[in-house]
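Engineer: Each chain is listed here by its residues.
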Amino acid sequence: MFKVLDIAGSAMNAQLVRLNTTASNMANADSVATTEAEAYRAKQPVFAALLQETANAAAGVQVTGIVESQAPVIKRYEPGNPMADADGYVFGSNVNEVEEMANMISASRSFQNNSEVFNTSKDLMMRTLQLGR
Amino acid sequence: MPLNFDTALGVHERALYTRAKRTEVLGANMANVDTPGYQARDLDFRAALEGAQQQNLSVSRTRSNHIQPDGGAAALEAQLKYRVPNQPSLDGNTVELHIEQAQFADNAVRYQATLTFLGSKFSGLKDAITGGR
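Residue numbers (numbering that gives the first Met the number 0), protein chains in the order written: chain A, 0 to 132; chain B, 0 to 132.
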């Protein structure tokens with residue numbers, strides 16, 4: 000029974016990582032860089048099931064890594080920008096704000112759901128402890 | 000007639016254990032709602048409970064070619080089945096949150112019902128010991 004707390008905890012942890020990357024992406028949506036390589040690219044966490052000792056046991060979630068979006072970065076002609084290169088171009092981020100908003104809502108809902116699982120399991124455990132009183 | 004806790008509590012002790020296991024499995028499903036390729040699972044409660052009860056009957060093998068009675072946790076995990084999704088998603092994830100939430104709530108209520116049954120068993124035993132005083 001205690002495993003369910005670990006599982007819900009691992010899920011909340013993973014969703015927090017996702018919220019953090021979303022916050023970073025939103026914050027850097029308007030960042031510009033001088034070269035294409037330096038431009039900010041949207042980051043996304045990769046989730047994987049965390050299998051316990053036996054293959055059949057219930058599984059938590061782990062974040063196996065953070066990948067950067069492969070979408071092309073935006074090249075804009077802004078000769079007045081102090082970050083502009085010799086030809087007057089700046090390289091903006093490839094963050095898609097609509098996608099990030101959807102991601103944020105999804106992460107927040109998943110977090111709430113898992114915290115509800117956590118609370119319900121905790122209540123059940125407390126009631127079990129009081130059995131026979 | 001000797002008073003034995005195994006027989007006094009009846010099916011409820013095993014039922015509580017099986018419900019607790021099912022809480023873990025459903026919690027794991029909800030934890031992995033955003034994990035690509037994760038396949039939702041559930042416990043066949045009737046089969047799991049029957050399996051758990053059978054091992055209570057202490058089967059002894061009289062011939063070497065008889066089937067080996069299996070142990071507690073292994074018997075439960077053998078009853079783990081994969082859910083058939085109504086609308087599988089493109090990333091191979093078969094968790095459907097509304098179904099998992101409904102099953103989790105159902106399981107939590109039934110867990111509490113079992114707790115209540117166990118509680119009355121205990122107060123019945125207490126009455127028998129104190130003679131209803």
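FYI, nobody ran anything at the bench for these hints, they're computed from the structure.
Warning: the hint list may mix true and false statements.
[As the list claims (entries may be wrong)] Straight line, CA to CA, 25 Å or less: simulated PhoX-like cross-link-like pairs of lysine-lysine:
#: 1; chain 1: A; residue 1: Lys42; chain 2: A; residue 2: Lys2
#: 2; chain 1: A; residue 1: Lys2; chain 2: A; residue 2: Lys121
#: 3; chain 1: A; residue 1: Lys2; chain 2: B; residue 2: Lys125
#: 4; chain 1: A; residue 1: Lys121; chain 2: B; residue 2: Lys120
[Unchecked claim] Cβ pair distances, simulated, as ranges:
#: 5; chain 1: A; residue 1: Asp86; chain 2: B; residue 2: Tyr81; range: 27 to 37 Å
#: 6; chain 1: A; residue 1: Ala101; chain 2: B; residue 2: Gln52; range: 41 to 51 Å
#: 7; chain 1: A; residue 1: Leu50; chain 2: B; residue 2: Gly118; range: 28 to 38 Å
#: 8; chain 1: A; residue 1: Pro71; chain 2: B; residue 2: Asp105; range: 46 to 56 Å
#: 9; chain 1: B; residue 1: Glu49; chain 2: A; residue 2: Glu67; range: 32 to 42 Å
#: 10; chain 1: A; residue 1: Leu15; chain 2: B; residue 2: Ile98; range: 19 to 29 Å
#: 11; chain 1: A; residue 1: Leu15; chain 2: B; residue 2: Gln86; range: 20 to 30 Å
#: 12; chain 1: A; residue 1: Pro81; chain 2: B; residue 2: Gln86; range: 43 to 53 Å
#: 13; chain 1: A; residue 1: Thr127; chain 2: B; residue 2: Glu49; range: 33 to 43 Å
Quantities reported herein were computed from a predicted structural model and do not represent experimental measurements.
Yeah, the Cβ is synthetic: ideal placement off N, Cα and C, and Gly gets one too.
Engineer: For the pair Leu15 of chain A and Gln86 of chain B, does the Cβ-Cβ distance stay inside 20 to 30 Å?
Structural biologist: Cβ of Leu15 of chain A to Cβ of Gln86 of chain B: about 28 Å, so the range 20 to 30 Å holds.
Engineer: With 28 to 38 Å as the target window, see if Leu50 of chain A and Gly118 of chain B comply at their CB atoms.
Structural biologist: 36 Å, holds
Engineer: Honestly, do Pro81 of chain A and Gln86 of chain B meet the 43 to 53 Å range at C-beta?
Structural biologist: 51 Å, holds
Engineer: Within 33 to 43 Å: is that where the Cβ-Cβ distance between Thr127 of chain A and Glu49 of chain B falls?
Structural biologist: Violated, at about 23 Å.
Engineer: Cβ-Cβ distance between Asp86 of chain A and Tyr81 of chain B: within 27 to 37 Å?
Structural biologist: This hint is violated: roughly 57 Å between Cβ atoms.
Engineer: Hey, Lys121 of chain A versus Lys120 of chain B, does the alpha-carbon distance stay inside 25 Å?
Structural biologist: 23 Å, holds
Engineer: Take the C-beta atom of Ala101 of chain A and the C-beta atom of Gln52 of chain B, compute their distance, and say whether it sits inside 41 to 51 Å.
Structural biologist: Given a distance of about 48 Å, which is inside 41 to 51 Å, the answer is holds.
Engineer: Is the hinted range of 19 to 29 Å satisfied by the C-beta distance from Leu15 of chain A to Ile98 of chain B?
Structural biologist: 25 Å, holds
Engineer: With 46 to 56 Å as the target window, see if Pro71 of chain A and Asp105 of chain B comply at their CB atoms.
Structural biologist: 48 Å, holds
Engineer: Could you see if the CB distance from Glu49 of chain B to Glu67 of chain A stays within 32 to 42 Å?
Structural biologist: Because 51 Å falls outside the window, the suggested range is violated.
Engineer: Would you check the hint for Lys42 of chain A and Lys2 of chain A, treating anything up to 25 Å between C-alpha atoms as holding?
Structural biologist: 31 Å, violated
Engineer: Would the pair Lys2 of chain A and Lys121 of chain A pass a check requiring their Cα atoms to be no farther apart than 25 Å?
Structural biologist: 11 Å, holds
Going down the numbered hints, you'll see the structure goes against 1, 3, 5, 9, 13, while the others check out.
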